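Just need the whole structure built from these sequences, with the hints factored in.
Each chain is listed here by its residues.
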Amino acid sequence: MNVHELPMILFTVIAQMCVGTFIVLGVITLIASRRHDVRTVERLTEPVVYAIGPAMVLGLAASTLHMNDITNTLNVFRNVGSSWLSREIVFGIAFAALGFAFALLQWFKIATIRVRQLVAAATALTGIALIWSMSQIYYSLQTVPAWNTPIVPFHFFATTLMLGALAAGCALMLTATIRHRRQRTTGDTGTGTEPTEDTGSSEGSGEGSGNALATMVRTRVAQINAPTTTTEWTLTTRTVQWLAVASATIGVLVLASYPLHIADLATQGATTAAAIFSGTFFATRLILLGIAAVILALFTYRAAGQALRENPTLLTTLMTAAFTLALIAEIMGRSLHYDSMIRVGI
Amino acid sequence: MTDSLTEAGGNYGFYFDQSACTGCKACAVSCKDKHDLPIGVNWRRVVEYSGGSWQQHGDTFTPNVFTYYTSIACNHCEDPVCVQVCPTTAMTQREDGTVFVDEDKCVGCRYCEWACPYSAPQFNVETGHMSKCDLCYDYRETGQAPACVDACPSRALDWGPIEELREKYGDVDAIAPLPDPTLTKPRLVITPHRDAQPWNDASGQIANPKEI
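Residue numbers (the numbering used here), protein chains in the order written: chain Y, 1 to 346; chain G, 1001 to 1212.
Since the hints were derived computationally from the structure, they do not count as laboratory data.
This structure is a prediction, so every number in the text was calculated from the model and none was measured.
All C-beta atoms, glycine included, are put in the ideal place defined by N, C-alpha and C.
Certain hints may be false.
Ranges of calculated distance between the beta carbons of each label pair, as one might list FRET restraints [claimed, not checked]:
#1 G:S1154 to Y:A97: 37 to 45 Å
#2 G:Q1093 to Y:R35: 54 to 62 Å
#3 G:E1103 to Y:S82: 16 to 24 Å
#4 G:S1019 to Y:S82: 33 to 41 Å
#5 Y:G210 to G:D1102: 45 to 53 Å
#6 G:D1201 to Y:D264: 19 to 27 Å
Laid out in structure tokens, this is it:
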């Protein structure tokens, strides 16, 4: 494991996961909206949106550890005209800011749904720009053969979508489990989305704005955690099935890309870099990726087809295991990416 | 000599006579001493490149081996990749064409270190910033030549405006283990060793990787 580049490994993997989750949620929203009403779709995707924020903040925090003199941090925007690293930082912060703005609008139901969708679309596009500039940091270095190849952007976008799909699936199942637990403890019947109209009225209750805000937040949390309806459950399991298929497909493509990458490096004479992709660590990364993205994902697909709303445990466990293993596999893969930094020349 | 050697548009570079170099490393030591560089930071280094083969004539095997040295610092490239990738603009090209690190801007992200195929930008743990050869800017301001040039006992090093160096010594710079010169267009002229290998068809390897 490459400990020296740990801040970069964590930042790139976490940021990619966040962008991926956001994009996957967008796709889910677009597809699900064709058959379901706005409220059902929002109940599905909304809790996951709020989970992205803290993760992205964690990723950006890790990235600052890559610098050795943070007192000069503000200079990192100066070379936007020529440095992909500057561009990455600009898009990274823009993605976090837009995502935060979207989460705020969504939480407080500010502005019309169209405006919110526009903000979400802008966030997703910024996210894609972030992953693109992130991959160009490495791809643009002609002096590093293992980086100056289309495999790098491919791997970065693959990580983005695969971890995005698995993280979203995991979050969906955790949400369903929390809603299920609440239902058991409160004895709720599962039809309720009753506190919806409180959102507007609680603001003007005159009990001091802090108090009103607290009440409002509590109401929103209760709304979000209200038990899953049958329609919502069917939508959740169908979504999880599609996410499993997506992650398995991407996992297979990533596994297939390595022989090409190694062969390409060997033909260029970059044998030291090619040799990085061998040995126990590399094998473990491939096996974990295979287990997580392919085997577990296919089990998840099956389990999602049979899971009952009353017992989401098995599916949640499978989904969480697939996500965790895939995250470890991707961190290991990124570690190898940094190990393969072997320059031409001296 | 007191006239300024930091003219704008001077486009200064180094000349290296590979056929005269004995690998004594006086250049590396004088550089380290002049700039008081910490352990692990060596702006000028001497690379030892070795290789060889066997030829069979009947029952006789004849060895054919070579070793030659390349003294290398920063080449103050025409296309300095370090300047292009630096996020902060701390890596700056002076009016006279030489490249230096503005320590007030550097965040020590080490991206330039990844990019440079000559290992010119090096991280200084003591300052948390990158550091590199600035062709002894302070010496040049007082009319002196860079420390390494004056220190070489074989007179294998020279420096000056690259146009003058090329007129005087030719334009060879594509020698292994140096990289493809089209990557960064180094301001460097070499008089090759008799066994010098071209960068793209080299059979040897760097014999002292830990020293460079």
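We went through each hint and held it up to the structure:
no.	hint	in the structure
1	G:S1154 to Y:A97: 37 to 45 Å	violated (59 Å)
2	G:Q1093 to Y:R35: 54 to 62 Å	holds (59 Å)
3	G:E1103 to Y:S82: 16 to 24 Å	holds (20 Å)
4	G:S1019 to Y:S82: 33 to 41 Å	holds (38 Å)
5	Y:G210 to G:D1102: 45 to 53 Å	holds (48 Å)
6	G:D1201 to Y:D264: 19 to 27 Å	holds (20 Å)
Taken one by one, the earlier hints fail for this structure only at number 1.
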